[in-house]
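Engineer: Starting from the given sequences, assemble the full structure and let the hints guide the process.
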Amino acid sequence: MMPTSVPIDAYSPHGRKPKRIMEPRRIMLYAVLLVAVLYYILPLWVMVMTSLKGMPEIRLGNIFAPPVEITFEPWVKAWSEACTGLKCEGLRAGFWNSVQITVPSVIVSMAVASVSGYALSFWKFRGSEVFFTILIFGSFIPYQVMLYPLVVICRELGIYGTLPAVILIHTIFGMPILTLLFRNYFASLPEELFKAARVDGAGFWGIFLKVLVPMSVPIFVVATILQITGIWNDFLFGVVFAGTQNWPMTVQLNNIVNSTQGVKEYNLNMAATMLTGLVPLTVYFLSGKLFVRGIAAGAVKG
Amino acid sequence: MKSSISVRDLTLNFGAVSVLKNLNLEVAEGEFIVLLGPSGCGKSTLLNCLAGLLDLSDGQIWIKGQNVTWAEPNERGIGMVFQSYALYPQMTVRGNLSFGLKNARMPQAEIDRRVARAAEILQIGPLLDRKPGALSGGQRQRVAIGRALVRDVDVFLFDEPLSNLDAKLRSELRVEIKRLHARLGNTMVYVTHDQIEALTLADRIAVMRGGIIQQLDAPQTIYNKPANLFVAGFIGSPSMNFLHGAVVDGGRGFSVAGTVIALEGYDGGRPVEMAKAILGVRPEHIDIVHEPESGRTIPATVELDEPMGADSLVWLTTGGAQLSVRVPVERRLAPGTAVHLRLDVGKASLFDAVTEQRV
Amino acid sequence: MAQAGRPNPLFRNLTAKIATLPMIVTALVVFVGCSVWTVVYSFTASRALPVSKFVGLDQYERLFSNARWEQSVTNLLFYGVFALVFSFVIGFVLAALMDQKIRFEDTFRTIYLYPFALSFIVTGVVWQWILDPGLGLQATLRGLGWETFSLNLIGSKDTVIYALLIAGLWQGTGFVMVLMLAGLRGIDEDIWKAARVDGIPKWKTYVFIVIPMMRGVMITSLVIVASGIVRLYDLVVALTDGGPGFASEVPAKYVFDHMFARANIGQGLAASTMMLLSVLIIVIPWAYLEFGRKKGR
Numbered sequence: 001m002m003p004t005s006v007p008i009d010a011y012s013p014h015g016r017k018p019k020r021i022m023e024p025r026r027i028m029l030y031a032v033l034l035v036a037v038l039y040y041i042l043p044l045w046v047m048v049m050t051s052l053k054g055m056p057e058i059r060l061g062n063i064f065a066p067p068v069e070i071t072f073e074p075w076v077k078a079w080s081e082a083c084t085g086l087k088c089e090g091l092r093a094g095f096w097n098s099v100q101i102t103v104p105s106v107i108v109s110m111a112v113a114s115v116s117g118y119a120l121s122f123w124k125f126r127g128s129e130v131f132f133t134i135l136i137f138g139s140f141i142p143y144q145v146m147l148y149p150l151v152v153i154c155r156e157l158g159i160y161g162t163l164p165a166v167i168l169i170h171t172i173f174g175m176p177i178l179t180l181l182f183r184n185y186f187a188s189l190p191e192e193l194f195k196a197a198r199v200d201g202a203g204f205w206g207i208f209l210k211v212l213v214p215m216s217v218p219i220f221v222v223a224t225i226l227q228i229t230g231i232w233n234d235f236l237f238g239v240v241f242a243g244t245q246n247w248p249m250t251v252q253l254n255n256i257v258n259s260t261q262g263v264k265e266y267n268l269n270m271a272a273t274m275l276t277g278l279v280p281l282t283v284y285f286l287s288g289k290l291f292v293r294g295i296a297a298g299a300v301k302g
Numbered sequence: 001m002k003s004s005i006s007v008r009d010l011t012l013n014f015g016a017v018s019v020l021k022n023l024n025l026e027v028a029e030g031e032f033i034v035l036l037g038p039s040g041c042g043k044s045t046l047l048n049c050l051a052g053l054l055d056l057s058d059g060q061i062w063i064k065g066q067n068v069t070w071a072e073p074n075e076r077g078i079g080m081v082f083q084s085y086a087l088y089p090q091m092t093v094r095g096n097l098s099f100g101l102k103n104a105r106m107p108q109a110e111i112d113r114r115v116a117r118a119a120e121i122l123q124i125g126p127l128l129d130r131k132p133g134a135l136s137g138g139q140r141q142r143v144a145i146g147r148a149l150v151r152d153v154d155v156f157l158f159d160e161p162l163s164n165l166d167a168k169l170r171s172e173l174r175v176e177i178k179r180l181h182a183r184l185g186n187t188m189v190y191v192t193h194d195q196i197e198a199l200t201l202a203d204r205i206a207v208m209r210g211g212i213i214q215q216l217d218a219p220q221t222i223y224n225k226p227a228n229l230f231v232a233g234f235i236g237s238p239s240m241n242f243l244h245g246a247v248v249d250g251g252r253g254f255s256v257a258g259t260v261i262a263l264e265g266y267d268g269g270r271p272v273e274m275a276k277a278i279l280g281v282r283p284e285h286i287d288i289v290h291e292p293e294s295g296r297t298i299p300a301t302v303e304l305d306e307p308m309g310a311d312s313l314v315w316l317t318t319g320g321a322q323l324s325v326r327v328p329v330e331r332r333l334a335p336g337t338a339v340h341l342r343l344d345v346g347k348a349s350l351f352d353a354v355t356e357q358r359v
Numbered sequence: 001m002a003q004a005g006r007p008n009p010l011f012r013n014l015t016a017k018i019a020t021l022p023m024i025v026t027a028l029v030v031f032v033g034c035s036v037w038t039v040v041y042s043f044t045a046s047r048a049l050p051v052s053k054f055v056g057l058d059q060y061e062r063l064f065s066n067a068r069w070e071q072s073v074t075n076l077l078f079y080g081v082f083a084l085v086f087s088f089v090i091g092f093v094l095a096a097l098m099d100q101k102i103r104f105e106d107t108f109r110t111i112y113l114y115p116f117a118l119s120f121i122v123t124g125v126v127w128q129w130i131l132d133p134g135l136g137l138q139a140t141l142r143g144l145g146w147e148t149f150s151l152n153l154i155g156s157k158d159t160v161i162y163a164l165l166i167a168g169l170w171q172g173t174g175f176v177m178v179l180m181l182a183g184l185r186g187i188d189e190d191i192w193k194a195a196r197v198d199g200i201p202k203w204k205t206y207v208f209i210v211i212p213m214m215r216g217v218m219i220t221s222l223v224i225v226a227s228g229i230v231r232l233y234d235l236v237v238a239l240t241d242g243g244p245g246f247a248s249e250v251p252a253k254y255v256f257d258h259m260f261a262r263a264n265i266g267q268g269l270a271a272s273t274m275m276l277l278s279v280l281i282i283v284i285p286w287a288y289l290e291f292g293r294k295k296g297r
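Protein chains in written order, with the numbering used here: chain A, 1 to 302; chain B, 1 to 359; chain C, 1 to 297.
Quick caveat, the hints were computed from the structure, so don't treat them as lab data.
Incorrect hints may appear among the rest.
[Stated by the list, open to error] To give a feel for the contact side, a few chain A residues facing chain C, derived at Cβ under 8 angstroms:
no. : residue
1   : 27
2   : 172
3   : 204
Note that the Cβ used here is the ideal one computed from N, Cα and C, for glycine as well.
Structural biologist: Rendered as structure tokens:
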């Protein structure tokens, strides 16, 4: 089932050693890399600069210029006053909604998927691979295809428009990638360890909790990073399943920027954008290579 | 002697592939059995079946008079030692040793007593509070043996326990395992592909191939009287020389490359005439002489010699076949020298070329 | 302790089977069940609520005679082709450059990849501001003296799709680059030595030896990028909301709007069935290739 594997830990560069004197070819190389850097980094620069300016300064019409007068007022306003539709209480509520959605979703989805991955690698039974194959292929189906039936199911369960619904949906759609991640990780552990634990009389849960989980901290960290960013950034499931009172930050940001009437307050918009992006960006910059490992490992699906 | 392990008509299929075929094995109490064979012969599979780590397709396994065919591994009264040591990396040595006992809800005092005893026997006392990562390969394998030891069981199963160690450690631990067996007197089933381990450790060796036990005998018997061509070729390094010829003169002579060698003194059944037969002679059972002796020698030409320290291996050709002969290292023979080989028929093995069985 | 008979295989390792129930239920009920439900109900006249009044292909006839759907599909095709080509080219070139033992590799990678950590909503909102004709990039460059500079992508029906492309590539190419770089790093160092001994120029080594060896990574990237393209929704909502008019509509948004804003569920289901079909067209040949290869071994 695993067609391709990206060797994520192979970090030895090819090519010649760097020469001390810069030859023209290497100058070209760095020039191209730096032009690309501009494309990627300018939006972040613009975002930060705009969010620190007052509206009069923005009307001068230079998005790249740093603020003459730094003001944090847009940030305060975005956090506690901006209008997200009918209410004008800022992104604060959305932030806490996102926390309330993300934390349990991350925990539940990882618990379910790690147990499935463990069972799939050590306790195979007739048909287990078939279900897994369906799960992996299912991950390619566009969400829109399953969206409405899931709404019906959530309504039947009486949880539509509540936090449990959106947690359930995140658990479901996180399952293929996480199960794959855990399955591949557990499969890379020596099978003899599992055998030794069985001879030692540990059962399904004993082996998982006492032997495997303690030695799988790295993969749990990778999965956590993957899930925090993924769920925090979600828009579709939040807007459909969470219910208006639980709308996550992404939905509220979109409302602030795109649903307000009248004059657009760009500095406020950018401050709100920064606030929304802050959690995944922090996770990204703190985790460094682990993030790369996570998405590369997560990407090797199918 | 009482039977400790009894395997009855064991069959194991993986899908359409039959890994073990109708296999029977009786292991006496206190016996050291080595399962030997090339990779894929089913020896590790058999061991895993004994441990209860694989479900069999058919047959029964009895340990200590109990039918344990469907018992869980921990219920079988076995301890197991693995090739990769399989120590729990996050637990200390003490934790590794006591994990199984804790799972069995044994009182702490008894656990401590058993851990202390195992540590004493294996001399790993100072390592008890370290983690496996801080141990050398040899120390890890001692701990792994200790994990089987604390279970206080009658049957030890070893799955290639020395294969991950370097040559020097391997011979040290080999001696240690032998000493342990002498001291504890447990039944031991030991899987290896290393014939030196098999020959030195075993009371009896089971040579396996294709899921079938080819021969089950004492090491000397396996070495001197291999039951068939496969066993003959698998045991011994360099392997046995095979001369393709025919049994003539009503079973009294073996004809090869135009010469006839008398089969007088052959240790085995009475040979009958065969159009196609194979005579197997080990390199140390051939003498190189310079004069032909009627009915005892065959002519050969020296190809090259390989001095190996204590002795030297001479490679020769005779009638298109290649032979090796072990000689004292002082004896140098120039390539191209024409010589004669005197075969020790009393220590040779004669095989039917069709059935491949020893006569 | 010792049992004589063979236990029922169904109950052997029962705990493991129970523990995988959530996975089994997800696979069967959600991925199979819900997809089938969607296909079946796409043949009904469901409006505000799903009803089982079957109307044959009516929804599909309506779908294909709908200008907005036609525009959505055209947009997705256009966006898809360009996004695929550009993310592969940019991703591979950047990865190949990064693989030249450069200094500050980690810094470069961190910069190229950070947009991938951001949501499509954030991406859309940022680019909406940068591409704002009144005060964004256009105004800035004009203000700096480039009077004739014109970049009003969002405002015009003909160019709005390029705005989506620029933002989408900004968010996603870093990821493709990381995949490609991992693929490059997975290639045996000896291949490079052999090519150099044979005197093969570097670009030829890349084109004729390295890229064919990266088949696995290429296919993985292709599948991921392609299934991401089909799902394109959040970015459109945040950047253009489908406008101007319906010039930047995409199928996923068409589905969502009909289901949740226009109370026309049957129409939404028909559209999502078409999305399912298009994904199957991508995934089935790929799966066939992979399975065929596995079996051939």
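Engineer: Now tell me if each hint is right for this structure.
Structural biologist: To see whether the hints hold, each was checked on the structure:
no.	hint	verdict
1	27	violated, 12 angstroms
2	172	holds, 5 angstroms
3	204	holds, 4 angstroms
In terms of the numbered hints stated before, the structure departs from hint 1 and from no other.
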